[in-house]
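If you want our numbering, it's the 1-based position in the sequence shown plus 16.
Rather than coming from a laboratory, the hints here were simulated on the basis of the structure. Glycine included, each C-beta is placed from N, C-alpha and C at the ideal position. Honestly, I wouldn't trust all of these hints.
Said to hold, decoys possible - Have a look at the derived ranges for each label pair, beta carbon to beta carbon:
no., residue 1, residue 2, range
1, 29, 214, 41 to 47 Å
2, 20, 57, 55 to 61 Å
3, 210, 99, 19 to 25 Å
4, 115, 212, 41 to 47 Å
5, 33, 87, 50 to 56 Å
6, 87, 59, 26 to 32 Å
7, 195, 33, 20 to 26 Å
8, 195, 121, 19 to 25 Å
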Amino acid sequence: MSNRNRIFKAYLDDQRQSLQAPLASVLAFSESLLELAVISQSADLKADVKKVAKAASTMTEMLGSISMFSQDSQTELSLLRHDLRNAIGLVDGFSDMLLEDCDDTEAGEFFRQIRHQSRLFQGRLEQFTLGDDGKAASDPIAAIFKSFKRGIIRDDREHMAASILVVDDSDSSRDLLAHQLQRQNFMVIEAASGERCLEIMRSAEPDLVLLD
């Protein structure tokens, strides 16, 4: 291995550790939350905290692939960014819902700390490049999940309840989006596959279909 390659590998290891650090904090805060009576005694709150922890754990494992990157791995980095944005969107979404649903002061501080670590992670992820800023700027998957991270924009105008079909093979993603839509008084139908989606569209005729 050339000296240049050794330097690049050391850079990748440093970036991986930098990205994993906020996720380790999210896991630690999640474990602390699960020890609180207000969380452990509520099946719904406990389940949502576990989803946050699972997303953080999944992202930590995904980051292991960084060590295999080369300076020509822009496509692989783009795909990794997409998957990480998907997972961190779950952390943000469930943390926001937990903050709304749980009025416990101690738990609320943990939720805010998780959101802070999430922002730290996202900032580091956006800064991570393979040394070619031109390619990084043209990341073809960069904007795929921005609307998800921002959440669903509320429309305060009066409207009739619309039916929305949410199609996603990820149970956590589908559950989170359904929760957000139901809070805005939409009628939500869920499907985990394209086949089931077609069946529902023929029978229920939803007003809108959201596909992953």
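Which of the numbered hints are not met once you compare them with the structure shown?
Of the numbered hints given earlier, those the structure breaks are 4, 5, 6, 7, listed in rising order.
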